[in-house]
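Visitor: Quick mapping for you: the protein sequence lines, in order, are chains A and B. So that you can map any letter, position 88 of the first sequence is 88 in this note's numbering, and since no number is skipped, the others follow by simple counting. So that you can map any letter, position 55 of the second sequence is 55 in this note's numbering, and since no number is skipped, the others follow by simple counting.
The set of hints was computed from the structure by calculation and includes no laboratory data. All clues stand as given, with none of them false.
Examples of chain A residues lying across from chain B (beta carbon under 7 Å, computed):
no.	residue
1	5
2	9
3	10
4	28
5	50
6	61
7	89
8	112
9	118
By construction, the Cβ of each residue, glycine as well, lies at the ideal position given by its N, Cα and C atoms.
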Amino acid sequence: MESPLEQFKIKALIPLHAGGLDLSFTNSAAFMVLAIAVVTLFMTLSVRSRELVPGRVQSVAELAYEFVAGMIKDNVGQAGRPYFPFIFTLFMFILGANLLGMVPYTFTVTSHIIVTFSMALFVFLGVTLIALIKHGTHFFGFFVPKGVPKALIPLVMVIEVISYLARPVSLALRLFANMTAGHTMMKVFGSFVVMMGLAGVLPFAVLIALTGLEIVIAFLQAYVFTVLTCLYLNDALHLHH
Amino acid sequence: MPQLDPSTFLPQIFWLAVLFGAFFLLMKNVALPRIGEVLQARALRLNEDLDTAQRLRVEAERSIAEYQAALDKAKTEAMAMVQKARDEAARESARRIAEVEAKLAAQSKAAEARIAEAKAGALGHVRGAAADLAGSLVEKLVGQAPSTAELQAAVGRAMDRRQ
Numbered sequence: 001m002e003s004p005l006e007q008f009k010i011k012a013l014i015p016l017h018a019g020g021l022d023l024s025f026t027n028s029a030a031f032m033v034l035a036i037a038v039v040t041l042f043m044t045l046s047v048r049s050r051e052l053v054p055g056r057v058q059s060v061a062e063l064a065y066e067f068v069a070g071m072i073k074d075n076v077g078q079a080g081r082p083y084f085p086f087i088f089t090l091f092m093f094i095l096g097a098n099l100l101g102m103v104p105y106t107f108t109v110t111s112h113i114i115v116t117f118s119m120a121l122f123v124f125l126g127v128t129l130i131a132l133i134k135h136g137t138h139f140f141g142f143f144v145p146k147g148v149p150k151a152l153i154p155l156v157m158v159i160e161v162i163s164y165l166a167r168p169v170s171l172a173l174r175l176f177a178n179m180t181a182g183h184t185m186m187k188v189f190g191s192f193v194v195m196m197g198l199a200g201v202l203p204f205a206v207l208i209a210l211t212g213l214e215i216v217i218a219f220l221q222a223y224v225f226t227v228l229t230c231l232y233l234n235d236a237l238h239l240h241h
Numbered sequence: 001m002p003q004l005d006p007s008t009f010l011p012q013i014f015w016l017a018v019l020f021g022a023f024f025l026l027m028k029n030v031a032l033p034r035i036g037e038v039l040q041a042r043a044l045r046l047n048e049d050l051d052t053a054q055r056l057r058v059e060a061e062r063s064i065a066e067y068q069a070a071l072d073k074a075k076t077e078a079m080a081m082v083q084k085a086r087d088e089a090a091r092e093s094a095r096r097i098a099e100v101e102a103k104l105a106a107q108s109k110a111a112e113a114r115i116a117e118a119k120a121g122a123l124g125h126v127r128g129a130a131a132d133l134a135g136s137l138v139e140k141l142v143g144q145a146p147s148t149a150e151l152q153a154a155v156g157r158a159m160d161r162r163q
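Chain A with its partners taken away, still in its complex shape (with noise of 0.2 Å):
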């Protein structure tokens, strides 16, 4: 029998060899070529008529968009304007390729810690460079928090750096963790369906439970995902603590 973690295998499509590097177009490019696609086509096609009173699919693709908004907004203020199409891009590409992994058969591009990593590390440098740049040497008080006492303050100081270090680590696990977990366990359920015959509803029924719950988690990640992204530009912004 396949194992459950099969679904998560790499596999070159067309391999590329430049200069020695394995750049092969793989089943992982493949799905996030696929998510983006679907992704752009909807979002361009939808408000093709440019409805004044938009209908179901411009509804959704403008919902999209205030909803990105709102969250800048919320959480950066004004000033993250010039951040809303990147957040918005990258919101939009976690949740397509959450979604895509929903659709049987398919890939899940945010079931490798190397995707999800290399996104929560580009995040993480881009905020980091936006404070230095913003407030050049400034950006080191914020490891040093307001009111805290002399003595404790090289303390204070190493956990902050560790925790603000951390960031990326637990920004590209969470995703990654929760669409493994869950494709994991759904491939498992699914075995089970056909492993015991009539006795297979239970597993079944269970296997429904977690479609849906797998469906509220592709758009809760893709949204933790985000906002965590907001939360850490508006710390580079504006340095609160």
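Go by the hints and put chain B onto chain A.
Guide: Just chain B, lined up with the frame of chain A:
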């Protein structure tokens, strides 16, 4: 666990960077401006409609005020006209009453004059008749008729005494 196979890292990072970058450009330059445009157009349209509604309301209020003013003016004018008509009617009726009174006074005066004339006439006749009667009575009693002048004087004295 296939996720922990380092040989798969590089192709994934590479294609993630390429495709995410492309996706970012697509969103930033194509999708988001379109949706933003639609939302902005709607906000603009809503504001316009609200402005129009506000303008129409002000216009309606002004119309009501104008109407009220016109109504008030018409009321005042009508009241003035009614007052004028009433005054005129009062004057006219007073004039008529005076006219009729004058006419009646003249008529009653003329009637009085006629009555006085008739009375005088009647008295004259009575005097003549009384004189004739007295003349014939005297003639029958005495056998001689007194002169007319004496008779008339005597009748006149008698009648004056009675009156």
